[in-house]
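Trainee: One letter stands for each residue in the lines below.
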Amino acid sequence: MDVTKDRLVPYAAALSLEAASLEIVNLFHIGKILDVTLLDNYYIQLGGKGLCFKDTNLLQAVSTGFAVPRLIPLFGNFNNAFTSILMLLKIKKILSAKLLKTQCISVALRAGLAGTAAFANHDVRCRELLSNEKEGRILFQVYGTDIAIWFSFSKNELCRVDSGVIDVQPTAVFTFLNLKVARNAISGWFDHLGGPALGEAKISGNLPLLDKIGYISRIAQKAIPSII
Amino acid sequence: MSIKRETSDSLFSRALKVIPGGIYGHVAPIAGLPRHFPHYTKSALGCRFEDVDGNEWLDFMCGFGAILHGYSNSEIEESANEQRSKGAVFNQPSPIMVELAELLTTNINFADWSVFAKNGSDLTTWAIRVAREETGRPYVVKAKGAYHGVDAWCDPGFGGRVENDRSHVLEFSWNNLDEFGSLLENYRNQISSVILTPYHHAAFGPSHLPAPNFWLVVEEECQKNGIILILDDVRAGGRLDDGGSHRYFDFTPDLSVYSKALGNGFSISACVGKEFLKAASKEVFLTGSCWNDAVAMAAAKKSLQISQRDQVAQSVLQKGDYFCAGLLACAKDLDLPFSMTGPSSMPYPWFEGDDNLFRIQKFCELAAGKGLYFHPHHNWFISNAMEYTDLDLALELAGQAMTELKNLN
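Keeping their order, the protein sequence lines are chains A and B. In the numbering used here, each residue carries its 1-based index in the first sequence increased by 12. In the numbering used here, each residue carries its 1-based index in the second sequence increased by 2.
Think of the hints as simulated: they come from the structure by calculation, not from any bench. Treat the numbers as computed from the prediction; the structure is a model and nothing was measured. A couple of the hints might just be wrong.
Said to hold, decoys possible - Below, simulated DSS-like cross-link-like pairs (lysine-lysine); rule was C-alpha separation at most 30 angstroms, straight line:
1. Lys167/A to Lys146/B
2. Lys19/B to Lys224/A
3. Lys105/A to Lys44/A
4. Lys167/A to Lys113/A
5. Lys6/B to Lys214/A
6. Lys120/B to Lys6/B
7. Lys110/A to Lys120/B
8. Lys113/A to Lys214/A
9. Lys224/A to Lys364/B
10. Lys364/B to Lys146/A
Claimed, not checked - Here are some, though not all, of the chain A residues that point toward chain B, as calculated from beta-carbon distances under 8 angstroms:
11. Asp203
12. Pro208
13. Gly217
We put the CB at the ideal spot given by N, CA and C, even for glycine.
Turn these sequences into a full structure, and let the hints steer you where they fit.
Mentor: Encoded structure:
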């Protein structure tokens, strides 16, 4: 699927929401997955028919926690739209939570990496960075927790983000020292050069690949607005 | 065993406030083993250094190759100090510049002239421009993954680039002469230069020696096609042959660039060339305010004299042979699938199947706990200050680390 340059940021933001919903369903076994559909005329649909935002409104929603969706599809598919809105509210609550909870970090980490994957898949410069890589499975974890988020890709497949125990050898492992450091990283307050040097994170495995993904993640993080 | 690191960490925390990333480039902690290597060194002598927390290390990185005769070599320090008493940088170069150029053109068999700068990058990039000036052609050919410096046409980072930075750089896989031939064919009369290291020593992977006919074909094809052959001998220079690494592999470049071991830790680089490139070299601007640094030149002159006198390249190769054989024997005893790649004076260890480097990282972590400075991602270096007793101690400690590694599996 081709995503035009002017739609990449809202699309990546929407995929972050989808990833957050996937992780919430995975952790709490409730709610609805907000699968993303890019529509014409700069509209994005979340969770099937009903909840649809203008690209610019979606970016407002992810940065402030509120934006007005399109009303006609909403009233036409009210029940579906309503469950999608409930999930959005749940995501907002989790991402803006002040307390450091494992589940919250897991959701935020998966959401953030989904934005990175969107850039890795659809941004020309980021794609070029990974063009010589055959495959990769980078495991992100937080020491002392069971958080395990996987960023994977292969030559013929797009980058994807999964979570949980996967019975494969990682290509590289990034371990945050604790939930606070992970939270800082998700919020853009982690020094990728300094953090590992001071023991805030441990990196191992294929570091050149990790370096590339890290660079892409910083590009994505800079571009995608966030409520965090 | 964990090392003391309070001072290192404290300094690094201060650095983070005033230096982007704290420490950058190839010595950035994340490029090595961030919590197993120190961040800062206090002093070094011979083949050992002491970090700022007082831990002593038996060193196999030699300032990433810059130290050939050992840290603080007394003869080199004496020469440098003698020059320092007269001054380092003036309005004009010091006579030592002429003496150093004469020495280089005497020692290096194809060299008719020499110029100087501070870093390898300064002169790899300049050499390419000389080749463009000579040939009037835009393209440069290099090996994939090869490191030639920090300039935009070749640096291994990602940031600050524009598309045009590499629009005239062509790449082929090391030792793949078919790919090399195809590039020459497809860009006939457009290639100014081929720049290569004497053997392939890319980081994060095993080193590759040239195939038996590699240099023969490359040299012949360059001559046949009017392409300037540039040897990037920045890393290997002085460790394979005292007269330049081209002699070790039996070929002759048109230009060759040296740095690292040239000054034994004093910042200096040199490019030497054949007579026919002298005119072009005069057309390509080259300068730097401190590039005529007489202290570094005095150190380089003494360093070269010691190399010739003591046949240092041969010596470090012999010591490397001894060390590599010892490590291989140890791995064999433990039934670990292990090899030492590259020349023995600058070897890189490799565990079979360890493409993602977890095993070498663990091995180097364990070795670091015993005071051995083994880098997991970059080739190691043998210094001529290493005595066989030092190598025996290193082998004993490395053997312990390997045993622990084996027991982890």
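Trainee: Report the numbers of all earlier hints that the structure fails to satisfy, in ascending order.
Mentor: Those not satisfied are hints 4, 6 and 7.
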